[in-house]
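Q: The listed protein sequences derive, respectively, from chains A and B.
Going by the working numbering, 37 is the number at position 37 of the first sequence; the sequence numbering is gapless.
Going by the working numbering, 231 is the number at position 231 of the second sequence; the sequence numbering is gapless.
Possibly wrong hints are sitting among the right ones.
Chain B side only, calculated, beta carbon under 8 Å to chain A, not exhaustive [as the list claims (entries may be wrong)]:
no., residue
1, Ile16
2, Ser18
3, Gly32
4, Thr34
5, Pro38
6, Thr39
7, Ala309
Each computed DMTMM-like pair below joins lysine to aspartate or glutamate, with the alpha-carbon atoms no more than 25 Å apart [as the list claims (entries may be wrong)]:
no., chain 1, residue 1, chain 2, residue 2
8, B, Lys35, A, Glu117
9, B, Lys259, B, Glu214
10, A, Lys15, A, Glu53
11, B, Lys258, B, Asp281
12, B, Lys2, A, Asp71
13, B, Lys65, A, Asp113
14, B, Lys154, A, Glu162
15, B, Lys259, B, Asp156
16, B, Lys183, B, Glu230
17, B, Lys154, B, Asp289
18, B, Lys35, A, Asp167
19, A, Lys146, A, Asp167
20, B, Lys65, A, Glu117
21, B, Lys2, A, Asp70
22, B, Lys36, A, Asp70
23, B, Lys148, A, Asp70
24, B, Lys35, A, Asp113
25, B, Lys77, B, Asp52
26, B, Lys35, A, Asp71
27, B, Lys258, B, Asp289
28, B, Lys65, A, Asp71
29, B, Lys65, B, Asp31
30, B, Lys35, A, Asp70
31, B, Lys36, A, Glu117
32, B, Lys36, A, Asp164
33, B, Lys36, A, Glu91
34, B, Lys65, A, Asp70
35, A, Lys146, A, Asp164
36, A, Lys146, A, Asp11
37, B, Lys36, A, Asp113
Read the hints as simulated data drawn from the structure, not as lab findings.
Even glycine gets a Cβ: it sits at the ideal position worked out from N, Cα and C.
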Amino acid sequence: MSAILESADIDRALKRISHEIIEKNQGLESVVLMGIPTRGAYLANRISLILEELGAKVPVGTLDITMHRDDLRLRPPRPLLPTLMPPGGIEGKHVVLVDDVLFSGRTIRAALDALGELGRPRTVQLAVLVDRGHRELPIRADYVGKNLPTSSKESVRVQLSEIDEIDSVEIVGA
Amino acid sequence: MKSQLLSINDLSTADIHSILSTAAELERITDGPTKKLPTLRGRTVVNLFFEDSTRTRISFETAAKRLSADVINFSAKGSSVSKGESLKDTAQTLQAMGADAVVIRHGSSGAAQRLADSGWISATVINAGDGTHEHPTQALLDAFTISKSFPDRKSDFSGLRVAIVGDILHSRVARSNVLLLSKLGASVTLIAPPTLLPVGVETWPVKISYNMDEQLEEFDVVMMLRIQIERMSNFFFPSEREYSRQYGLNEERLLRMKKSAIVMHPGPMNRGLEISASSADSSRSVIVDQVGNGVLTRMAVLYLLLGGAALTEVGQ
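With the hints as constraints, model all of the structure from the sequences given.
A: The following block contains the structure:
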């Protein structure tokens with residue numbers, strides 16, 4: 001199974017996303033990153049480090065969506081993952097949600113609900129490393145690292161060095 | 001995790017860690033402007049209380065409502081139970097109403113087990129106190145409170161010294177706490193007059209002391225138990241004053257405790273009997289925190305028992 005994105009590609013994609021965040025928001029005033037655990041949280045951290053190199057420190061938080069999932073009854077209960085409010089909160093901020101893979105859009109729908117419990121951001125934007133298509137809800141990403149056409153039978157595996165030893169994105173199964 | 005919570009013995013150490021960490025996460029996500037989560041929408045939780053209770057019932061009710069479950073409160077007073085309806089018939093009525101979980105408080109030890117094993121209902125049974133047997137969610141909320149008071153430990157209590165003082169004989173809280181705290185590695189000492197210790201206590205994983213002043217300086221947690229006047233059919237101690245002098249937590253004893261030590265009480269308190277008003281209200285007392293933590297812990301239990309597919313529902 002060959003990797004579609006390797007470490008350098010992931011870096012480049014995140015750098016481009018970081019520049020686009022600055023461009024779209026005309027700076028980083030009031031911008032807050034919220035990563036969706038597990039891997040979205042690591043990606044949000046990486047983007048914040050890049051943004052810091054580019055000149056501004058952006059508050060980072062994490063947002064667990066488990067309690068808002070629409071498929072809770074289809075599987076055994078899952079453990080909750082950490083939700084951490086970014087310093088300064090999210091009220092009136094431009095919140096950029098960060099996740100690894102955008103697929104059905106259901107995670108993001110749940111994330112929007114979960115975010116609503118925490119406060120009322122000025123805007124909510126979405127950054128994903130991979131958009132693999134097959135949306136089941138009217139949701140789109142503002143920042144995409146890589147558009148990856150897939151069959152719905154395949155799955156996309158994202159590995160990040162923070163927990164998986166290596167950085168890679170690959171398509172598994174068929 | 002099993003699909004019922006009847007005794008601490010039903011829980012593995014991993015289950016306990018999962019409940020405590022879920023409670024901690026719930027605290028963070030319910031800290032915002034809205035305290036309510038949609039997770040158990042459409043599920044029905046019945047509070048089946050055959051014994052009086054304020055905080056446990058309200059706590060379960062609040063927990064279920066915060067998770068958007070529908071709550072039906074059933075207390076034996078003012079119901080058909082006072083006309084002589086049996087537990088079986090009551091249970092079958094609840095079953096017919098489509099209860100997903102039954103939280104039961106009963107004066108007889110083993111009532112929760114009976115309800116769960118009987119096949120009368122398919123709902124998840126949660127023991128909210130059965131006679132002098134167990135009160136598992138109280139022990140869980142106590143462990144959660146301790147883990148918050150000693151944040152460095154996470155939920156590993158090895159080497160932590162806990163004293164449980166008072167009416168061990170009638171206390172389901174003590175039984176559940178002994179089981180739970182020793183599973184998490186704490187060293188538990190029971191302090192009580194010999195008349196208030198149950199038969200067979202020497203087989204429990206605890207140390208026993210008849211003297212409260214002996215090692216008071218060594219404990220990290222001092223948990224005072226209520227003298228259960230309503231269960232005192234015999235003379236267990238000569239007078240309330242004497243009990244209070246020997247086993248009550250007062251100002252002077254409070255000052256002798258470790259600086260980092262905390263005071264707990266499952267409530268309701270008999271102020272002036274097992275605990276003096278000033279000790280109960282002191283800065284070391286986490287008694288009020290226990291109540292708030294109770295809601296979070298019960299939310300965690302309800303979520304982990306009802307939040308996903310029931311084991312029978314998980315298709316392959």
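Q: Compare the distance between the alpha carbons of Lys146 (chain A) and Asp11 (chain A) with 25 Å, and conclude whether the hinted pair is satisfied.
A: At roughly 12 Å apart (the allowed maximum being 25 Å), Asp11 (chain A) and Lys146 (chain A) satisfy the hint.
Q: Just to be careful, I want the Cα atoms of Lys65 (chain B) and Asp71 (chain A) compared with a cutoff of 25 Å; is the pair within it?
A: Given pair Lys65 (chain B), Asp71 (chain A) holds - Cα atoms ~20 Å apart, limit 25 Å.
Q: Take the C-alpha atoms of Lys146 (chain A) and Asp167 (chain A), compute the straight-line distance between them, and say whether it is at most 25 Å.
A: 15 Å, holds
Q: Given the hint that Lys259 (chain B) pairs with Glu214 (chain B), does the C-alpha gap stay at or below 25 Å?
A: 17 Å, holds
Q: Check whether the Cα positions of Lys36 (chain B) and Asp113 (chain A) lie no farther apart than 25 Å.
A: The hint holds at about 12 Å.
Q: Given Ile16 (chain B) as an interface hint, is its Cβ closer than 8 Å to any Cβ of chain A?
A: 13 Å, violated
Q: For the pair we were handed, Lys36 (chain B) and Glu91 (chain A), check the Cα-Cα distance against 25 Å.
A: 18 Å, holds
Q: When you check the alpha-carbon spacing of Lys77 (chain B) and Asp52 (chain B), does it fall within 25 Å?
A: 9 Å, holds
Q: Could you grab the alpha-carbon distance between Lys65 (chain B) and Asp31 (chain B) and see if it respects the 25 Å cut-off?
A: 16 Å, holds
Q: Holds or violated: are the alpha carbons of Lys2 (chain B) and Asp70 (chain A) at most 25 Å from each other?
A: This hinted pair holds, its Cα atoms lying about 23 Å apart.
Q: Is the hinted pair Lys154 (chain B) and Asp289 (chain B) satisfied, with a Cα-Cα distance of at most 25 Å?
A: Distance of about 17 Å is within 25 Å: holds.
Q: What's the verdict on Lys259 (chain B) and Asp156 (chain B), does the C-alpha distance respect the 25 Å limit or exceed it?
A: 21 Å, holds
Checked against the numbered hints above, the structure breaks hints 1, 16, 18, 23, 32 and satisfies the rest.
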